[in-house]
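There are 2 protein chains.
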Amino acid sequence: MQSADNPSSRSEASKPQPPIRVAVDAMGGDYAPGETVKGAVAALDTHDIELLLVGDAGAVEGELDKYDLEGKAVKVVGSVGKISDDEHPMHAFRQKPEASIIVGTKLVKTGQADVLVSLGSTGASMATAALVLGMMDGLERPCIGGPFLGLAPRTVLMDLGSNVDCRPSQLLNFAALGSVFAHRFLGTENPRVALLSVGSEKSKGNRQVQDSYQLFEESHLNFVGNVEGMDFFNDRADVIVCDGFVGNILIKFTEGMGTALGGYLGRLLSPYMSDEQMRGVFNELWQTTNLPRTMGGPLFGVNGAVIVGHGSSRADEVAGAINTAVRYVEMGLLDSMRE
Amino acid sequence: MQSADNPSSRSEASKPQPPIRVAVDAMGGDYAPGETVKGAVAALDTHDIELLLVGDAGAVEGELDKYDLEGKAVKVVGSVGKISDDEHPMHAFRQKPEASIIVGTKLVKTGQADVLVSLGSTGASMATAALVLGMMDGLERPCIGGPFLGLAPRTVLMDLGSNVDCRPSQLLNFAALGSVFAHRFLGTENPRVALLSVGSEKSKGNRQVQDSYQLFEESHLNFVGNVEGMDFFNDRADVIVCDGFVGNILIKFTEGMGTALGGYLGRLLSPYMSDEQMRGVFNELWQTTNLPRTMGGPLFGVNGAVIVGHGSSRADEVAGAINTAVRYVEMGLLDSMRE
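Chains A and C, in that order, give the protein sequences.
Under the working numbering, the first residue of the first sequence is numbered 118, with each subsequent residue one higher.
Under the working numbering, the first residue of the second sequence is numbered 118, with each subsequent residue one higher.
Don't read these hints as lab results, they were simulated from the structure.
Predicted model, so just to flag it, every value in this text is computed and none were measured.
When chains are identical, the list treats them as one kind, so a pair holds in a single copy or across two.
Simulated crosslink set (DSBU-like; lysine-lysine; CA at most 35 Å straight-line):
id, residue 1, residue 2
1, Lys189, Lys226
2, Lys192, Lys155
3, Lys369, Lys321
4, Lys319, Lys369
Based on the provided sequences and hints, a complete structural model is requested.
Printed below as a string of structure tokens:
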């Protein structure tokens with residue numbers, strides 16, 4: 118983990134820093150506010166943070182009553198309503214101006230929070246972040262990325278999100294942001310950047326990839342050419358770039374396969390192991406095929422720190438996303454991205 | 118397995134049929150001609166077939182000398198040269214008119230063989246088949262597909278090949294061909310057809326999928342809408358359609374994951390199992406993530422029966438592809454596709 122080369126990094130400051138202020142959309146996620154609040158409270162045990170829980174004040178306080186918060190820095194910030202997955206983000210943005218994701222994002226915008234953690238609708242998080250925080254220069258839409266395979270925990274895939282029809286210049290932006298992330302967050306020197314395609318030769322791929330190849334070659338990135346589907350497991354590249362259509366299919370396919378393999382291996386392994394031993398194996402297998410669930414990932418390209426977690430996060434995963442948020446702020450990643 | 122409802126099916130004929138004539142490109146595949154010939158000879162033990170081995174006569178006969186072929190129907194058909202993966206198929210087609218894949222495909226065209234099995238370059242197989250055999254009405258390019266996951270052995274994915282930028286009408290063709298295959302080869306009644314996308318709603322997906330949705334809705338297919346990456350494991354559809362860019366990435370990703378999981382599980386399971394027990398588990402795991410290697414798949418849309426296997430096939434996989442070829446002919450699948 119590298120941060121020492123960043124003069125603005127909070128982690129290497131010579132005097133004690135105030136605690137990082139983490140806003141959490143307490144209404145976001147399939148198991149909100151219960152699991153979301155539980156995970157946020159758990160994160161207080163491992164990090165010196167100030168927690169800003171955004172949500173319906175009554176509901177959130179009701180959850181908080183379950184825990185001993187003596188000496189803990191927790192505030193509730195009231196909001197009204199939430200934006201769900203099946204609403205059009207822009208429409209909902211106008212209809213529900215006090216929705217939890219909007220109030221939470223504004224806390225980052227106004228400097229009242231250092232980072233926002235959202236487990237709610239990714240589309241709503243992206244749209245709200247773009248509108249409230251604004252995009253970095255030269256970027257049009259936020260993207261999502263990061264390591265997504267426990268079998269290749271240092272390989273970053275960009276974009277995992279909803280940028281489904283991308284021009285080459287957008288793919289190049291994903292590559293640049295992923296490169297900074299791999300370097301600063303994962304400590305990879307001079308990250309190798311590749312385009313995901315159907316063959317390693319320059320001539321292989323669809324029009325989008327073929328048009329992007331030359332742009333990547335001419336960039337300042339450490340471009341190593343095209344990689345193929347099996348190369349996620351071959352350490353051929355540190356940052357693998359595709360559009361969000363392909364990335365989203367891959368990440369969901371991986372999750373589904375992890376779950377299905379659990380059942381399949383159960384039948385295969387039951388002669389050799391006890392149920393409890395198998396549970397341990399399956400738990401590891403699940404984690405390795407559900408990496409983004411365990412740690413969340415930053416929303417790249419917006420002028421503010423936002424970490425998005427999986428909608429189906431339980432308390433452990435909420436705490437994992439908050440852990441990522443704290444490290445993201447400590448490492449001064451946002452400033453690196455802007456550069 | 119259904120064939121009884123097809124009057125032209127060879128398998129339900131009332132009088133004895135002559136053996137199916139299977140041409141094999143003996144020069145195709147990473148381990149040709151040794152493993153290719155070995156696998157083809159092995160297939161003679163399980164099927165009443167006549168084998169036409171196409172290749173350099175001296176090399177093929179040298180391999181055949183290793184086996185006892187008493188009473189077996191094996192012929193060698195001479196060819197000169199082979200087309201490799203890194204050659205442009207159209208260029209090679211003109212430069213090497215007697216290459217093994219071309220001679221083999223012509224055996225099907227002229228009726229000297231019922232089916233061709235190719236383990237060589239998929240691009241060369243596709244181009245040669247399109248040129249020599251011609252395309253079915255309304256189709257422009259061959260496509261490849263079939264079950265690709267041992268965890269979902271009855272779910273057909275189309276296209277796995279090199280149709281990388283597809284119009285909606287092409288995706289619809291893939292769907293129709295995959296539907297016939299699922300019905301006739303896998304015995305699925307009224308196969309459910311889906312588009313692979315990033316959300317189940319009609320509005321979700323890239324332009325290609327959105328433009329295809331309505332065309333699929335208006336077709337005679339049993340279209341059930343969009344599915345997502347995890348739905349391969351949920352039995353949501355029998356035929357899942359995507360372009361060859363996405364399909365090729367998915368199939369190679371799956372192969373890579375199977376191999377990587379083998380090593381990963383080895384560390385996890387070694388406390389519980391002997392090396393030999395683990396080898397059994399890994400062998401099953403490998404097969405479930407490498408299904409197309411074990412059985413090959415038909416080249417869809419061409420006017421002739423061609424089965425393509427994986428380039429890295431060993432003898433067992435070559436025999437598996439020949440098994441698929443025999444069933445394909447027995448079931449009269451080509452006629453069903455034409456309809």
